[in-house]
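**Student:** The lines below spell out each chain.
There are 2 protein chains.
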Amino acid sequence: MTMHSKFITKFSMTTALLALAWPLSAADGDQALLDKAKALFQPLPATAALENSSLTPTRVALGKALFFETRVSNDGRLACATCHNPAYHGADSLALSVGINGKVLPRNAHTVFNTALLVAQHYGGNRVSVEDQAVKALLSPLAYGNTSYEQVEKKLAQLGYQSWFDKAYPGEAKPLSAENWGKAIGAFERTLLTPSPFDKYLKGDTKALSPLAKKGLTTFIDTGCAGCHNGVTVGGQSYQKFGITQDYWKLTGSTEKEIFKGYDKGRFHDTKNEADAFMFKVPQLRNVAATPPYFHDGSVATLPQAVRIMGQLQLGKDLSDEDVNAIVAFLESLTGEVPANFAQVPQLPVAPH
Amino acid sequence: MTMHSKFITKFSMTTALLALAWPLSAADGDQALLDKAKALFQPLPATAALENSSLTPTRVALGKALFFETRVSNDGRLACATCHNPAYHGADSLALSVGINGKVLPRNAHTVFNTALLVAQHYGGNRVSVEDQAVKALLSPLAYGNTSYEQVEKKLAQLGYQSWFDKAYPGEAKPLSAENWGKAIGAFERTLLTPSPFDKYLKGDTKALSPLAKKGLTTFIDTGCAGCHNGVTVGGQSYQKFGITQDYWKLTGSTEKEIFKGYDKGRFHDTKNEADAFMFKVPQLRNVAATPPYFHDGSVATLPQAVRIMGQLQLGKDLSDEDVNAIVAFLESLTGEVPANFAQVPQLPVAPH
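Protein sequence lines, in the order shown, are assigned to chains E and X.
Each residue of the first sequence is one higher than the one before, counting from 28 in the numbering used here.
Each residue of the second sequence is one higher than the one before, counting from 28 in the numbering used here.
Take the hints with a grain of salt, since some may be wrong.
The list treats identical chains as interchangeable, and a pair is accepted whether it falls inside one copy or across any two copies.
Below, a list of computed lysine to any residue pairs in the SDA-like style, where the Cα atoms sit at most 20 angstroms apart [as the list claims (entries may be wrong)]:
| hint | residue 1 | residue 2 |
| --- | --- | --- |
| 1 | LYS182 | LEU166 |
| 2 | LYS130 | THR174 |
| 3 | LYS182 | ARG98 |
| 4 | LYS181 | PRO320 |
| 5 | LYS182 | ALA328 |
| 6 | LYS130 | GLY172 |
| 7 | LYS130 | ASN101 |
| 8 | LYS181 | ALA328 |
| 9 | LYS182 | SER326 |
Honestly, the hints are just simulated from the structure, not real lab data.
Everything numeric in this text was worked out from a predicted model, so none of it was measured.
With the sequences and hints as input, model every part of the structure.
**Tutor:** The structure is reproduced here in structure tokens:
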């Protein structure tokens, strides 16, 4: 028997054994994992529209223009798109975002994708909806820095947006308003859903995840990550204490901040309730692999490092390199494509002369 | 005869007279104006490629990614696209652009469209080409703020661009280099040409300009504007003194600037030659109607105002409202569409972990 034929024989025998054993057990395992996953996660819906509002094309188009509009901010440079940049999967690649006049914001920017589906906006949850966030950002001294909604409305009229609002909100007493700024931007943001391989998987296509990603999904569930990171957005539906086993900054390297008079205590800064100390909105994990750096202050640069720290801080577990790699492979399956309409920058009106 | 039939008769007679006289004289006038225009202006070429370089798809794609890349700047926020924004026709809508860490730049940003066809880059012409501009911006303390090209190359490698450069510049000893950063961005910028109604007109379609725009073109030529604003980019091919009849700041409202130790004296600040005092590159006028505010310091907000001031400052002429309106209509015919590939923001690499 030559080396070659020996190899062939050995290969064929192995194949034959696999043909008997593997498909059955793999299929069983696949179905069991899929069933487990379906109990914890849901695929993205077709729309994130509010029941009582309609995402008309004119509203979405207006909201998209306003999303990219810098001239409403007080230094003329800040737009929603500054921190939610199509080039960086709807985030900005910075540890901490920067508002008008170079003012550093206290927290890391989330991706805008799928954010309309979250329980609330911001890490502290102090914005009840995407519409609420868009309106309140107008007067935030760190964000758009306007002094009143009247000032905003005057700017929008001067820039030539009156007819845009008239068409988007026909029949209203005052179509051009800060409230409709929020509604229009909200309408646009509600279209920014990013289906991913994991959605295909949840819909029954077990081949949509690689074997490593499935291993990671198993570990993600069995280790306890899915206790908080679950639902349609794999997180983003509840608040949790950050730093269960020890103070988070000991592992993240986070620093004290003047605005918080020390370390960031999350919801506490909004509610002033000690029970909310260190409670943060659990971030959604959709598109997490495409949106470093990590945590509320962007203090951790890479996803494997973030996964390892989460195991230690939240679950008291030292994940092995193998586990971390597998979880990262699963998290990568949550990356969707940047919506084409989001990446296509609109032409903004030239102010009439 | 009723009122109605009287009107019909009168109308028909007028039509009959026009049918005899108007087409002939209008066609004559149209052809004479077109001939005059063709002697002064040229339509955009099909490409702005350098003869000794080729705009390969991989180079253009790399250049486009680098154009939108903020992580190479020293505050992580500045990209070419910051001042050359697709939303504002390749400019930024600001009077003065802003570099890293909120540093205000001394001059207004030109549109990036068709700029590869100009005699040089910047108002002072101190950058010989788009490639030269892109490379030197990397070390400018006001722009990207890097301390060395080595630092830039290290950043680009860490961000995951090595394979992009290897593919775009195969066979070179060092594909990932600051020099090739410039070449790639230059390749992308050389694709950003914006044909306009005026190009159709120059190619013989006399209906591509409205009657008012044609009147404006006549005035533009006869008044003397075309003395400097001529050629393929309707300006941008020479240097001229700004403020022939009087100091420019008396009409523009420009202010003294610390960086210039007084008023901006244009090329003088680069050459230190008194003969260059107040000499500025004549701006191209393609897309001028879409890129307010105006002049080297953005001191004038609207196009009619800018046209009126130019008449006074450069030609000693007080243009009538009628002339200004007509010239503005002509200038509006120089607006082209934003190139689709420019408006589509690319996905940038996530740094490998």
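**Student:** Please go over all the hints and tell whether each is borne out by the structure.
**Tutor:** Consistency of the hints with the structure:
1. LYS182 x LEU166: within (13 angstroms within a copy, 36 angstroms between copies)
2. LYS130 x THR174: within (16 angstroms within a copy, 24 angstroms between copies)
3. LYS182 x ARG98: So LYS182 and ARG98 pass the 20 angstroms test inside one copy only (8 angstroms; across, 32 angstroms).
4. LYS181 x PRO320: For LYS181 and PRO320, the Cα distance is within 20 angstroms only across copies (19 angstroms; inside one copy 37 angstroms).
5. LYS182 x ALA328: Classified as between; 15 angstroms across copies, 39 angstroms inside a copy.
6. LYS130 x GLY172: Cα proximity of LYS130 and GLY172: in one copy and across copies (11 angstroms, 19 angstroms).
7. LYS130 x ASN101: For LYS130 and ASN101, both the intra-copy (12 angstroms) and inter-copy (16 angstroms) Cα distances are at most 20 angstroms.
8. LYS181 x ALA328: between (41 angstroms within a copy, 17 angstroms between copies)
9. LYS182 x SER326: between (37 angstroms within a copy, 19 angstroms between copies)
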